[in-house]
Amino acid sequence: MSKTTQAPKALRGVGNFIDDRFHLAKTGEKNLRKVFPNHWSFMLGEIALYSFIILLVTGVFLTLWFKPSMLEVVYDGSYERLQGVPMSEAFASTLHIDFDVRGGFLVRQIHHWAALIFVASLVVHMLRVFFTGAFRKPREINWLIGVAIFSLAMVEGLFGYSLPDDLPSGMGVRILQGVMLAIPLVGSYISMFLFGGEFPGEDIITRLYMLHVLLLPAILLALIVAHFMILWHQKHTQYPGQGRTDKKVVGTPMFPAFAVKAGGFFFFTFAVIAGLSAFVQINPIHLFGPFTPTSITSGLQPDWYMGFMEGSLRIFPNSLDFTIPIGNGYPIITAVLIPGLGVMGLLFGALGAWPFVEQWITGDKRAHNVADRPRNAPTRTALGVGGIVFYGVLWLAGSNDILSETFSIDLYLTTYIFRVLIFVGPVVGYFVAKRICLGLQRRDRESLEHGYESGIIQQLPSGEFIEVHKENSDETTHVLESKPVITSTALEEPETDDKGVENPNARKGMGKFRRALAHWYTKDNVSFEGVEAHTGHHLHHGAEDKDH
Amino acid sequence: MTRNGETVKWITARRRHPLAGYAVVILALALFGVGFAALAPASDEARAQTLSAEAPSPEDVDAANGKAIFDQTCASCHNYDGSGTYTDEDGNREMTNGPDLREVGSASVDFQVSTGRMPSMNPEAQMPRKDMVMSEQDLADLIAYYDESIRTDDMGADIPYDVPDAAPERADFEDDESYEVALEEYEAEYDAYIEGADDVDMGMKLYLTNCAHCHSWSGGGGALTDGRWAPELHDSTPREIYEAMVSGPGAMPMFSDGVITPEEKQELISYVKTLQAEPNAGGIFDLERVGQVAEGFIGWTIGLSLIIACAIWITAKQRAHD
Chain A
553 MSKTTQAPKA LRGVGNFIDD RFHLAKTGEK NLRKVFPNHW SFMLGEIALY SFIILLVTGV
613 FLTLWFKPSM LEVVYDGSYE RLQGVPMSEA FASTLHIDFD VRGGFLVRQI HHWAALIFVA
673 SLVVHMLRVF FTGAFRKPRE INWLIGVAIF SLAMVEGLFG YSLPDDLPSG MGVRILQGVM
733 LAIPLVGSYI SMFLFGGEFP GEDIITRLYM LHVLLLPAIL LALIVAHFMI LWHQKHTQYP
793 GQGRTDKKVV GTPMFPAFAV KAGGFFFFTF AVIAGLSAFV QINPIHLFGP FTPTSITSGL
853 QPDWYMGFME GSLRIFPNSL DFTIPIGNGY PIITAVLIPG LGVMGLLFGA LGAWPFVEQW
913 ITGDKRAHNV ADRPRNAPTR TALGVGGIVF YGVLWLAGSN DILSETFSID LYLTTYIFRV
973 LIFVGPVVGY FVAKRICLGL QRRDRESLEH GYESGIIQQL PSGEFIEVHK ENSDETTHVL
1033 ESKPVITSTA LEEPETDDKG VENPNARKGM GKFRRALAHW YTKDNVSFEG VEAHTGHHLH
1093 HGAEDKDH
Chain B
906 MTRNGETVKW ITARRRHPLA GYAVVILALA LFGVGFAALA PASDEARAQT LSAEAPSPED
966 VDAANGKAIF DQTCASCHNY DGSGTYTDED GNREMTNGPD LREVGSASVD FQVSTGRMPS
1026 MNPEAQMPRK DMVMSEQDLA DLIAYYDESI RTDDMGADIP YDVPDAAPER ADFEDDESYE
1086 VALEEYEAEY DAYIEGADDV DMGMKLYLTN CAHCHSWSGG GGALTDGRWA PELHDSTPRE
1146 IYEAMVSGPG AMPMFSDGVI TPEEKQELIS YVKTLQAEPN AGGIFDLERV GQVAEGFIGW
1206 TIGLSLIIAC AIWITAKQRA HD
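Note that the protein sequences, when read in sequence, are chains A and B.
At position 226 of the first sequence the residue is numbered 778 (the working numbering), and the sequence of numbers has no breaks.
At position 82 of the second sequence the residue is numbered 987 (the working numbering), and the sequence of numbers has no breaks.
Derived from the structure by calculation, the hints contain no laboratory data.
Check before you lean on any hint, since a few could be wrong.
Beta-carbon label-pair distances, calculated as ranges [stated by the list, open to error]:
#, chain 1, residue 1, chain 2, residue 2, range
1, A, 991, B, 943, 49 to 59 Å
2, A, 814, B, 1207, 16 to 26 Å
3, B, 933, A, 638, 37 to 47 Å
Here are the simulated lysine to aspartate or glutamate pairs, EDC-like style, with alpha carbons at most 20 Å apart [what the hints assert, rightly or not]:
#, chain 1, residue 1, chain 2, residue 2
4, A, 619, A, 798
5, A, 586, A, 755
6, B, 1110, A, 1076
7, B, 1110, A, 1033
8, A, 787, A, 1033
9, A, 986, A, 1044
10, B, 1110, A, 572
11, A, 917, A, 1005
12, A, 619, A, 598
13, A, 586, A, 572
14, B, 1110, A, 624
15, A, 561, A, 572
Reference listing, derived: stretches of chain B covered by chain A, where coverage requires no fewer than 3 residues with Cβ under 8 Å from a Cβ of chain A [as the list claims (entries may be wrong)]:
#, stretch
16, 922–928
17, 1034–1043
Ideal placement from N, C-alpha and C gives every residue a C-beta, glycine not left out.
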């Protein structure tokens, strides 16, 4: 037994002073001992947290000099090429940050790269949670908060992108306005209200600035805090393993081991972002020049996270627009409305609804703290892959002019390819992913029954060659054996009761629909029933040989 | 190296290492990459070599040689009279593969030939920029012949001889001294033209209103409809840009001196060339100034991947016990 060491007297004094007043010792002890799981995929959300912190810090730095004003000034700063050019104060002050504030250029680039990494890490974090089923009860609320963070982060990024009032900013705001105008009935009113008149007006930068630095970050911060408090209370999920149950968490205590790790990880994240910012040019507004309503250029895109919306706008046909014949005719611009707002609604709607849809299909009301291995929930995994393909095709379509030019493909052809892929791709992705999951399940069963392939070939006295299989470790065996069987309460209810009366649930439309979905959701599964660990014949060869 | 008490080769001992697969893939990718770079043809570079700021004097050109060149390299598509038509056996006028040249002007001829787009190997396809197939002297002769015998009533635009063309090449000079003199002369001429324009705002507005929606904000070019593309302007000389504007090659509209005056053209060309020469203040990797698509790509492939690799690294020790 090691001797309990006492803290130095000075520290003890401070500690006692605080504890006497706030009684923190017990809570502190409990929380510092909080257990964190040890798997890299549980660190993805932290990347988002760290890049958000970097965004806050660099953002504050930028506000010290940025002037959110559309007042026209003639530039006379130290960037020679644009001297004498009339531009908005917003653009001029951004040039000032770039060329006259020490370190300003670097900080602006850090802010922008951190934004790209922030949203990207939100996506991978969300995919991890989705594919491991970590959104299931009791974590549905945290999943919804995550979806809200994701959607707000996109809007926050779009507004930030618009602030410098450079050429791409203005074009982005113009597209935003176009989407607003396509909203039936209220579109033009919303646009006039937001812009304080016709596009571009003189208010938009000031208003977006307020949203970008005050309202949205405050909401984001509140949501992130809520996300963490809920996480803290509910604890992480964990992958299946020995001693890991729905009731018991295994991992590293928060203090000191995990705190050191997380602290180091923060600095690594910061290092990568700062490294990118130091060496890779991003959003060179001084090369773009200021926005004027007559300026237009090819080869410009929004930042990556808006790419899927850009893509859906690009590939959606305009032939579905129609006019309601009232008065002078009231046009409904479906070619902007559906891809601009419909696709976003579809994405976030589907993400938000899925935990509840899945719960409704399976009827599973249990609390889950052990995460699924993606292969063990093949339908969900396949749906997720289908969703990724859908998003990915739209995202690619958003860069179709760059793809066309880079790879010398006819621009129109890319549009047609994407129009087909958007329907075919997700279906193919769905089936391929499902087959891969089932293949992996089969391999798991094989491995459970026969042990793993050791890579050693032996020749038997009869001349036969065999590959020696070895027994899996207890840990692996436990993981393989813990494969859950996906069931649904809908399928457990009998069609008729013992008196031959039809089950009312099975007769009604919704009940029928639910049963159909339940069948679809549970039917593909490699059964492990009756499989006992290490009973296969391959292993016996190995075992026998070992005995000799 | 021993395994299970037996001596094995170095490679055998590592063949089943967890990282072996990655190593093989990286090696294969590197091999393909290097192999492709070695085998792929080097990109074409512009090498037009006009030096003179003035039109060549009649004594220096040989229209007879120009006719020989025209008949040999141009007439198969444009016909000997440059009309782009011919009379078939039944007496009908038929189109040849190439357009009518009689009214395009010498600026157009100079542009198409000096950028290597003409003579074209495939009249159906848009031609990329290439090395010029003939010498500067041959081109001058060809243009003299064109002006003399094919052009109708001086229609079309003349070559803007006062706008600087490409820099001289060392290979065209006998010794370093004469090359350096020529180079200095050229640079003075180039700087005078580019710096003679000082209204960045006008140049920028003209460029972003008239040019950028095809050639992109950086002059890097872009995709157009029907499989065509707008070429990048980085290799173009000021004279070529000028000639392209006054002659409207391919899908490009014509911007005559009446629509955009020569002074405005100078501002515009100066804007493009100054922007192109602008250093990348934001870092040594400019991502070809492609912009957001490239930034997103790097953000995911380099940025996020490195961070995730680090996450895998710092949690790896525990995983080894799993």
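Checked hints:
Residue 991 of chain A and residue 943 of chain B have their C-beta atoms about 39 Å apart, which leaves the hinted 49 to 59 Å range violated. Distance hint check: the CB atoms of residue 814 of chain A and residue 1207 of chain B are about 23 Å apart, consistent with the given range 16 to 26 Å. The hint said 37 to 47 Å for the Cβ distance between residue 933 of chain B and residue 638 of chain A, and at roughly 55 Å that hint is violated. Using a Cα cut-off of 20 Å, the hinted pair residue 619 of chain A and residue 798 of chain A is violated, with the two alpha carbons roughly 53 Å apart.
In summary, the hint linking residue 586 of chain A to residue 755 of chain A is not supported, as the alpha carbons are separated by about 48 Å, beyond the 20 Å threshold. As the CA atoms of residue 1110 of chain B and residue 1076 of chain A are separated by approximately 61 Å, the hinted pair breaks the 20 Å bound. Distance hint between residue 1110 of chain B and residue 1033 of chain A is unfulfilled; the C-alpha atoms sit about 69 Å from each other, more than 20 Å. The suggested pairing of residue 787 of chain A with residue 1033 of chain A is violated, with an alpha-carbon distance near 24 Å, which exceeds 20 Å.
Restraint check for residue 986 of chain A and residue 1044 of chain A: the C-alpha separation of about 24 Å exceeds 20 Å, so the hint is violated. Restraint check for residue 1110 of chain B and residue 572 of chain A: the C-alpha separation of about 70 Å exceeds 20 Å, so the hint is violated. For the proposed pair residue 917 of chain A and residue 1005 of chain A, the alpha carbon gap of about 39 Å is over 20 Å, so the pair is violated. Taking the CA atoms of residue 619 of chain A and residue 598 of chain A, the gap is about 32 Å. The hint is violated against a cut of 20 Å.
Simply put, residue 586 of chain A and residue 572 of chain A have alpha-carbon atoms about 23 Å apart, too far for the 20 Å limit, and the pair is violated. For the suggested pair residue 1110 of chain B and residue 624 of chain A, the alpha carbons sit about 16 Å apart, so the restraint of at most 20 Å is met. Simply put, residue 561 of chain A and residue 572 of chain A have alpha-carbon atoms about 16 Å apart, close enough for the 20 Å limit, and the pair holds. Coverage of the stretch 922–928 of chain B by chain A is violated in this model, with 0 residues showing a Cβ closer than 8 Å to a Cβ of that chain against a need of three.
Coverage of the stretch 1034–1043 of chain B by chain A is violated [criterion: at least 3 residues with CB-CB distance below 8 Å; count 0].
In summary, the numbered hints that this structure violates are 1, 3, 4, 5, 6, 7, 8, 9, 10, 11, 12, 13, 16 and 17.
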